[in-house]
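Okay, here's what each chain looks like letter by letter:
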Amino acid sequence: MEAVLTGLFVGVLFGFILQRGRFCMNSAFRDAILLQDNVLLKTVFAALLVELVGFALMDAAGAIAINPKPFWWGANLLGSFVFGIGMVLAGGCASGITYRTGEGMVGSMTAVLGLATAGYFTAAGFLKPFKANLQAATTISGADDKALTLHGILGMDYTTLAIILALIAVVAWYFIAKSKKDEYEADPGWGWLNTGILVGLVGILAFPLSAAAGRNYPLGITAGWINIVKVIFSGDSFNWLGLMIIGIVVGGLVAALISKEFKFRMPKPIVLLQTFAGGILMGFGAVTSGGCNIGHLLSGIPQLSMGSILAGVSIFLGAWAASYVMFVLPQKKDE
Amino acid sequence: MSEVTPTKTLDVCGKICPYPDMNTMTTLKKMEKGEVLEVLLDYPLSVERIPRNLKKQGHKLIEVEQLDGPNHRMLIEAHGLK
Chain L
1 MEAVLTGLFV
11 GVLFGFILQR
21 GRFCMNSAFR
31 DAILLQDNVL
41 LKTVFAALLV
51 ELVGFALMDA
61 AGAIAINPKP
71 FWWGANLLGS
81 FVFGIGMVLA
91 GGCASGITYR
101 TGEGMVGSMT
111 AVLGLATAGY
121 FTAAGFLKPF
131 KANLQAATTI
141 SGADDKALTL
151 HGILGMDYTT
161 LAIILALIAV
171 VAWYFIAKSK
181 KDEYEADPGW
191 GWLNTGILVG
201 LVGILAFPLS
211 AAAGRNYPLG
221 ITAGWINIVK
231 VIFSGDSFNW
241 LGLMIIGIVV
251 GGLVAALISK
261 EFKFRMPKPI
271 VLLQTFAGGI
281 LMGFGAVTSG
291 GCNIGHLLSG
301 IPQLSMGSIL
311 AGVSIFLGAW
321 AASYVMFVLP
331 QKKDE
Chain S
1001 MSEVTPTKTL
1011 DVCGKICPYP
1021 DMNTMTTLKK
1031 MEKGEVLEVL
1041 LDYPLSVERI
1051 PRNLKKQGHK
1061 LIEVEQLDGP
1071 NHRMLIEAHG
1081 LK
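Chains L and S supply the protein sequences, listed in that same order. Quick note on this note's numbering: the first sequence kicks off at 1 and runs consecutively. Quick note on this note's numbering: the second sequence kicks off at 1001 and runs consecutively.
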């Protein structure tokens, strides 16, 4: 029982950092395309790098045993593409709509409703056969029937490859940043580097704590909401991730209250319908693909899961397609 | 608190991401050089994001003022380039 409660603690921490750092992968991808604004994308990369190094060291020390998700190319492609579209309609990624619920944003609450509903039906309801068949039909396993990973394909040890990739990434980033010579104005908020590092550290903390409670994986979102649905409707007990979700909402609420940013905010009713529809696509997409932006990008890519890498690309493509239709095309019509 | 009188007011309170930013950009594009847009918003990410993108777009941020809670008021001078 106690081990499960650490989920609540991690969630509050995570929700607090998300709110203060304005962390959102939907905005990260969409802003980079639409506004040529890379600040949130840099936050995501920083978090990924921190986790890459952290997981690598912990795995080598035996503190964790990485558990990358399988490669189901059809499910990863379709599910994550649909998820990407859903994110843009919902106005937030899975973690974004979760913490913003705590901030009082009703548009995020309706998105969460969609996510939880569709997620539940895809995980345990009428859509489950479709999901299971698609996953099974497009599985490509690695050696010993384990999940296909980058280090598996290259025949390398996880920790070694992870450290090498992290070093390459840091060096590349340094040279890119130097050549761009961005005028850095003081970031009014926490700043992308601080936020990214903190998010990464939460991920590192989450892995062993979640494993101790029987769930051998770092951060996730969608399965947590599904657990909450099952607690309410099927009498299931809370698991680590379900408690973590509650923690995120509480953490977001606390952070918002402290900075006086809590306020019930309602868009027009038609927009609530839009975010609900977005949430539905996100719930279906995440469960079909085996993970949402947190499960695959934040948690899966640092474990070098090929399924998560493919999912990440697909989420980006879906978000790009939806952003193009929703925001770029109407602007072109104006010109 | 600035003495500038806004030419136009845009209220994007309650709007979801990224409409505060998109609506602001679209409105500014239609304004003449020197005209001032007053934006009322309550979305913290946009409060941080709009100012850093205004420079890229060529508009000038006159001031950002926090009202109560997450409510903010921005004054922006349009560049007028069509």
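Hints are computed from structural coordinates only; laboratory data are not their basis. Keep in mind that this is a model prediction, so the values were computed, not measured. Misleading hints may appear alongside valid ones.
Sample of chain L residues lacking proximity to chain S, with all beta carbon distances greater than 12 Å (derived) [to be verified]: (1) G21; (2) V39; (3) A60; (4) G96; (5) N216; (6) S234; (7) E261; (8) P330.
Only part of the chain L face toward chain S is listed, based on derived beta-carbon distances under 8 Å [to be verified]: (9) A32; (10) N38; (11) V328; (12) K332.
Each computed SDA-like pair below joins lysine to any residue, with the alpha-carbon atoms no more than 20 Å apart [as the list claims (entries may be wrong)]: (13) L/K333 <-> S/Y1019; (14) L/K180 <-> S/R1052; (15) S/K1055 <-> L/G191; (16) S/K1030 <-> S/G1080; (17) S/K1060 <-> S/G1014; (18) S/K1029 <-> L/V106; (19) L/K42 <-> S/K1030; (20) L/K333 <-> S/L1040; (21) L/K180 <-> L/I168; (22) L/K180 <-> S/M1031; (23) S/K1056 <-> L/V328; (24) L/K260 <-> S/E1065; (25) L/K263 <-> S/G1014; (26) L/K268 <-> S/E1048; (27) L/K332 <-> S/N1023; (28) S/K1030 <-> L/K268; (29) L/K333 <-> S/V1064; (30) L/K332 <-> S/N1071; (31) L/K268 <-> S/K1056; (32) S/K1056 <-> L/A32; (33) L/K263 <-> S/P1006; (34) S/K1030 <-> L/K260; (35) L/K260 <-> S/G1080; (36) L/K333 <-> S/C1013; (37) L/K268 <-> S/K1060; (38) L/K128 <-> L/A32; (39) L/K332 <-> S/L1081; (40) L/K260 <-> L/V250.
Even glycine gets a Cβ: it sits at the ideal position worked out from N, Cα and C.
> Going straight from one Cα to the other, do S/K1055 and L/G191 come out at no more than 20 Å?
Replying inline: Distance ~18 Å between S/K1055 and L/G191 Cα, so the pair holds.
> Hey, L/K332 versus S/L1081, does the alpha-carbon distance stay inside 20 Å?
Replying inline: 17 Å, holds
> Is the Cβ of L/G96 more than 12 Å away from each Cβ in chain S?
Replying inline: 8 Å, violated
> Is it true that the CA of L/K333 sits at most 20 Å from the CA of S/Y1019?
Replying inline: 17 Å, holds
> Holds or violated: L/N38 as interface residue toward chain S, Cβ cutoff 8 Å?
Replying inline: Hint on L/N38: violated, closest Cβ of chain S at ~11 Å, above 8 Å.
> Does L/K260 lie within 20 Å of S/K1030 when you go C-alpha to C-alpha?
Replying inline: Violated, because 34 Å separates the two Cα atoms, which is more than 20 Å.
>> Take the shortest C-beta to C-beta distance between L/V328 and chain S; is it under 8 Å?
In response: Since chain S brings no Cβ nearer than about 10 Å to L/V328, farther than 8 Å, the hint is violated.
>> Holds or violated: L/K263 and S/G1014, Cα atoms, limit 20 Å.
In response: 10 Å, holds
>> Between the alpha carbons of S/K1056 and L/V328, is the straight-line distance 20 Å or under?
In response: 18 Å, holds
> Is the straight-line distance between the alpha-carbon of L/K268 and that of S/E1048 20 Å or less?
Replying inline: 23 Å, violated
> Are L/K263 and S/P1006 close enough, with their CA atoms no more than 20 Å apart?
Replying inline: 26 Å, violated
> Minimum Cβ separation between L/S234 and chain S greater than 12 Å?
Replying inline: 31 Å, holds
Consistency note: the structure conflicts with the earlier hints numbered 1, 2, 4, 7, 8, 9, 10, 11, 12, 17, 18, 19, 20, 22, 26, 28, 29, 30, 31, 33, 34, 35, 36, 37 and 38.
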